[in-house]
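There are 2 protein chains.
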Amino acid sequence: MAMTGARYRADGVKDFVTKLYTSFGAQENWARTASDVIVMADLFNIQTHGVERIKDYHQAILDGKLIPSAQPEILHETSISALVDGHEGLGHALAVWCMELAIQKARTSGVGIVSLRNSNHYGFAGYYPLMAVKEHLLGFTVTNTEGLMVPTGSKEPLLGSNPIAFGMYAQPYPFLLDMSTTVIPGGKLSLYTRDNKKLLPNCGLDTEGKPTLDPAAVRAGINSKHFGGILPLGGLGEDYGGHKGYGLAMMVEILSSILAGTNTSNNIRRFDKHDKNGEFFVAMDYSLFGDPAEMENHLSCYMDTLRNSARFDPDVPIYTHGQKQFEAMEENQRQGIFIREATHAEHLAVAQAVGFDPTPYFQEVT
Amino acid sequence: MAMTGARYRADGVKDFVTKLYTSFGAQENWARTASDVIVMADLFNIQTHGVERIKDYHQAILDGKLIPSAQPEILHETSISALVDGHEGLGHALAVWCMELAIQKARTSGVGIVSLRNSNHYGFAGYYPLMAVKEHLLGFTVTNTEGLMVPTGSKEPLLGSNPIAFGMYAQPYPFLLDMSTTVIPGGKLSLYTRDNKKLLPNCGLDTEGKPTLDPAAVRAGINSKHFGGILPLGGLGEDYGGHKGYGLAMMVEILSSILAGTNTSNNIRRFDKHDKNGEFFVAMDYSLFGDPAEMENHLSCYMDTLRNSARFDPDVPIYTHGQKQFEAMEENQRQGIFIREATHAEHLAVAQAVGFDPTPYFQEVT
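First to last, the protein sequences are chains A and B. Letter by letter, the first sequence follows residues 1 to 366 in this note's numbering. Letter by letter, the second sequence follows residues 1 to 366 in this note's numbering.
Everything labelled a hint here was simulated from the structure, so no lab data went into it. Some clues are possibly wrong.
Which copy is meant is left open, because identical chains are indistinguishable; a pair holds if it fits in one copy or across any two.
Straight-line distance between alpha carbons at most 25 Å, and here's what the computed SDA-like set of lysine to any residue pairs gives [what the hints assert, rightly or not]: (1) K273 x E296; (2) K198 x D239; (3) K273 x D304; (4) K19 x A345; (5) K197 x H87; (6) K19 x K324; (7) K188 x L236; (8) K273 x S69.
Quick caveat: nothing in here was measured; it's all calculated off a predicted structure.
Kindly produce the complete structure, drawing on both the sequences and the hints.
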């Protein structure tokens, strides 16, 4: 089923998001940073983390949970580390700021490790390691989120989607892993509900904590904060390694919320509380261990070996991580980013509520 | 089906492993370090990484691939990092040595990152983060291995089991994640073959690169180094996130082999080559980000919340990672470690081949 919508120039849409945030007191360059992350998700075809979220971000601003003018504050710093308070500012811009700090430290001290507390949703996690990759550094980030994942053996949504993102420079594409630690991404629930599709078995539990194929029932479980949610990567029980997905989510929880001294996922968006989630950023200079060009070449050759290996299905190519996204970006830069009609209507409504004319920002590519 | 075997005092078995390695030129303390890791796996009920492997290690010594007398050499060092050449020594002892180095650096500089090249199988990965955990540091390690995992979309075993191990101090048990990035552990293949059991669907491919339920066919695929192997965590294709397990394995490959400038998994045990695998160790002082006792308390409370949450099945407890292992250890320290009859016969044969009397080392606990 083809979705109804249109393609718009990415730059115009970025200006729209910037305008929204500056209207609520964000500095121009701060708003521009956040909008670059959001629109990059659309350029990479990760629509669930792109401008589809604008309506939610606007609502969070109105609720006083997202404060576009808030600036980060360094609470404690060493040559290799920093603890930063985000003061509930723009999650995307805070994350860019923290990763830049980690990169500076990696340049001077070999490694930079930054822990961020009191943040908000930072969107497409892969953006931040990519900043390090461009500087020929390893990049790594994790964040916790609203509770939506059920630990192995439990029926309560006590863990976040808790993504892991990691990147290293290579040719012709970098290696860029960006994965939630759940068996299916949370975005699949709304997508499947919209398209009237059933989930595969072993993906989620309903409001009674029982297995279900109904994506809306899983979402209802998450919203209830009582029983139900998405299962960990590996699915139900331990047969397919569900305890591994659960364990990875716990590792993310420790690195993001426990180290930052902020909300664990079970306390995010519960009883209408503020998010105040935690994030963790690492940049590392691999010249600590040898010649960077040699390592990058080694990785490029290895990924080439994988892509050119014998296919399970002759008609389905073997991809390395990041490849699909970089291929999509080239096309979307040319053709414009695709925005669904319903999402576009939300954007127009947001502009009207804020009180500015959205038309100059949405230039259709035909 | 109950396995035939007996329980032996752990200390005696450690002395046996030490005797084996010193017989081949290892220094006493070096051999003792390796044996402590090996027997700790049995104490933790991770038999696949315990004394079951002695026969393989002995064979590797005879083949000249494992050199018990080899000592690690630091090739490059900073206050936060080291690149170490393992010279194909005892994998377990080398890993302990590297983690100790990382811990020292974390104590003085906040973080210690050690990359090890030319190593051998280091066994139970969780041992090394646990060393850091005892010092109230975060501990992390990854290693690549023999090629046995098939990347998503491929039918060749080009990636290792590539485990991730991570730990943090908590009460009453630490958090200790120790997981391969495959959908099932490699040890399940021999276990299921021995017990004449079939695999679940979506766990492995045979020598033609086709899905199979036969564990021996998956092993044959791995041994062929041509087609077949275990699927990534998440299984076949992308429906259940198989590309995530594949991506995690790649992250491990980068951190272990690419940074160390040593063999990627596709080149290990291929055409009878030496292993020369890579390993990566991190220790991090979380007092960089706040009060360690507060963080540990936060984590302990959170894990308590998980364990006491509503159960999916009222009769099945909810565990946190490391809990089962610590509970097993207490019991096995008391009751002795269980060694199968077939494995014990291998030990006797090894002792005979080396030329010492094994009887004093195996004290049955009755």
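Structure versus earlier hints - violations, ascending order: Hints 5 and 6 are the ones this structure does not satisfy, whereas the remaining hints hold.
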